[in-house]
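Undergrad: Same order as they appear, the protein sequences are chains A, B, C and D. One point on numbering: in this note's numbering, the residue at position 89 of the first sequence is 225, and numbering is uninterrupted. One point on numbering: in this note's numbering, the residue at position 78 of the second sequence is 214, and numbering is uninterrupted. One point on numbering: in this note's numbering, the residue at position 3 of the third sequence is 139, and numbering is uninterrupted. One point on numbering: in this note's numbering, the residue at position 116 of the fourth sequence is 252, and numbering is uninterrupted.
Note that these hints are calculated values from the structure, not bench results.
Some chain A residues close to chain B (C-beta under 7 Å, calculated; not the full set):
| hint | residue |
| --- | --- |
| 1 | Asp183 |
| 2 | Asn214 |
| 3 | Lys222 |
| 4 | Gln262 |
Computed list of lysine to any residue pairs in SDA-like fashion (alpha-carbon distance at most 20 Å, straight line):
| hint | chain 1 | residue 1 | chain 2 | residue 2 |
| --- | --- | --- | --- | --- |
| 5 | C | Lys285 | B | Met250 |
| 6 | B | Lys232 | D | Leu274 |
| 7 | D | Lys232 | B | Gly275 |
| 8 | D | Lys285 | A | Gly249 |
| 9 | B | Lys285 | C | Gly249 |
| 10 | C | Lys232 | A | Gly275 |
Every residue gets a Cβ at the ideal spot worked out from N, C-alpha and C, and that includes glycine.
4 protein chains.
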Amino acid sequence: MQLLGVSGSLRAASFNTTLLRTAQDLLPDGVSLTIFRLHDLPLFNQDVEDEGDPPPVVAWKTAVREADGLLLACPEYNGGITGVMKNAVDWASRGKPAPLTGKTACLFGASPGMTGTVRAQDALRQSLRRAGARATPLGEVLVGQAHTKIEDSQLVDEPTRAYLARHLATYVAELRRVAV
Amino acid sequence: MQLLGVSGSLRAASFNTTLLRTAQDLLPDGVSLTIFRLHDLPLFNQDVEDEGDPPPVVAWKTAVREADGLLLACPEYNGGITGVMKNAVDWASRGKPAPLTGKTACLFGASPGMTGTVRAQDALRQSLRRAGARATPLGEVLVGQAHTKIEDSQLVDEPTRAYLARHLATYVAELRRVAV
Amino acid sequence: MQLLGVSGSLRAASFNTTLLRTAQDLLPDGVSLTIFRLHDLPLFNQDVEDEGDPPPVVAWKTAVREADGLLLACPEYNGGITGVMKNAVDWASRGKPAPLTGKTACLFGASPGMTGTVRAQDALRQSLRRAGARATPLGEVLVGQAHTKIEDSQLVDEPTRAYLARHLATYVAELRRVAV
Amino acid sequence: MQLLGVSGSLRAASFNTTLLRTAQDLLPDGVSLTIFRLHDLPLFNQDVEDEGDPPPVVAWKTAVREADGLLLACPEYNGGITGVMKNAVDWASRGKPAPLTGKTACLFGASPGMTGTVRAQDALRQSLRRAGARATPLGEVLVGQAHTKIEDSQLVDEPTRAYLARHLATYVAELRRVAV
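All chains, please: the whole structure from these sequences, using the hints.
TA: Pasting the structure below:
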């Protein structure tokens, strides 16, 4: 099973990118994760799309299409989804069929505050639904006060690592059930 | 009074950019509107910000700072704010003070469907609030079935033009009251 | 197949209750719909629950438990779910297992304005998800300008009737697929 | 200055009602708080309203009208506003002028989880806006893990008490500025 992971923050030391790298360590056996960097994606523009997707967009849409599942590390800026993450969703919601259609995604997020990006994850979940994808499992990974749980770009808080591992295992089990 | 307008869609013939151009015609006397194109804004990246805002970001943040008010033409993609618009908000929410802090914005939006971007406008309003800005007036401009109201990149539907004109007049009156 | 329907408005001539009655006519063969009136449900109060659910709550929770599916006619008050509808969800989300857990619901809504209760339906969908239920199908039934489509407590607009019928058929097909 | 407070939870030992009682102790001098119990409010029904508001509704609408400000202790059920709280808003949004119109409200909330009712408060803020009221100040009071901060129906956590006190002081200062 081959998963694709993206982080909605471009900062190298991002808490959310850190969660994604940690997920790489915590995934069940037999599951690999490729992290796709969103840095080169242009802003969505239908006029550009009409002339043909630029190479970074082709790469992004192909990666989504080929993935068995999506890990979405979802930061929150200004009480909502980041422009970076939404822009990636906007591109991947286009085409017939759109790369996102029929995909099953796993969300998690980290923030320095208490709420662990719950608002951004709600917005992302809603947009995925509208694009024909779904987010699962039911439980949420909201890593609040992330600065106390991350050191040297590693998630070091053991309860959070264990919780994230269980979340990922539930997600992978669902992917396997659906794939049968 | 000098307003700044942006559209959350980059498409040249965008319904929302059309609303913005129409607003230019409908504003009360003594109010001018400059349209800022978001095409050149990079994706928000704190690492880039740490090295100094790139020129398009400097231009964007300066334009927001210097404006007496903001007209935000707000499309909806996938049931939410566009990545383009949110990315612009994310940049303008940064700095001490952030360019958005204390600003009063006027929202409107157009969509081919029925709901006139109500979800995107709600998300934008929430993010503005978090960034220390506010949206006003209370009434909403939700231009549904925009393809029946726009011709040759002009808003031709008279009731919609009149409604938008009243909305803009209310907004400008509020700006003037606050400015005293 | 036995469905349970509720309206989030208690008004006898409610647009949303009208949609529900119309659904009764439009459902595929072999599917029956019982409409549950929420008028007698008390406000949720955990102290009351601790002493044992009052009879109207027992009736409501039993009806949800025994239903093969739920039709939720969802009005919008003040840009959100109605207190009436949310209160019903709050009661049905309680217990082990909660009556709502595992249920598949079909949403629709009508409003005099343009947006057809889209905000209320989003809020309802989110609360159902949190209660372990899911809303389907993907498409949305947003009946705007309902006063022009409803006469004598009947939905008379033919395109809307046809759209609602297709929505219900898709929903019932999904229920049947899941039930296998 | 006379404030009105309500809790969106009816449970006697509710965390949110506890916050409200604590607010009574923490308000600046010269400000008094009356707590209105929502237990007797019927479910909103326009047919009932058409025959004349029942006594508990009259009491509620009068209390809102006469208050200089509103303290809203906002629990979260199923990822949203409680039916109890929304029902109270729905009643108070009716009439010409509606009791809520022009009011300035102060929100806070407590939950056993991490997110401190942020979703419910967002929904409440949105509905207040639609009803012509506004929520202030900008900062949010999100009391997560409330069971560790409340003992014997008293908020005992000192940092949270201090934060709530500052929030209330900012709110009262704004009320006084507006009232001038």
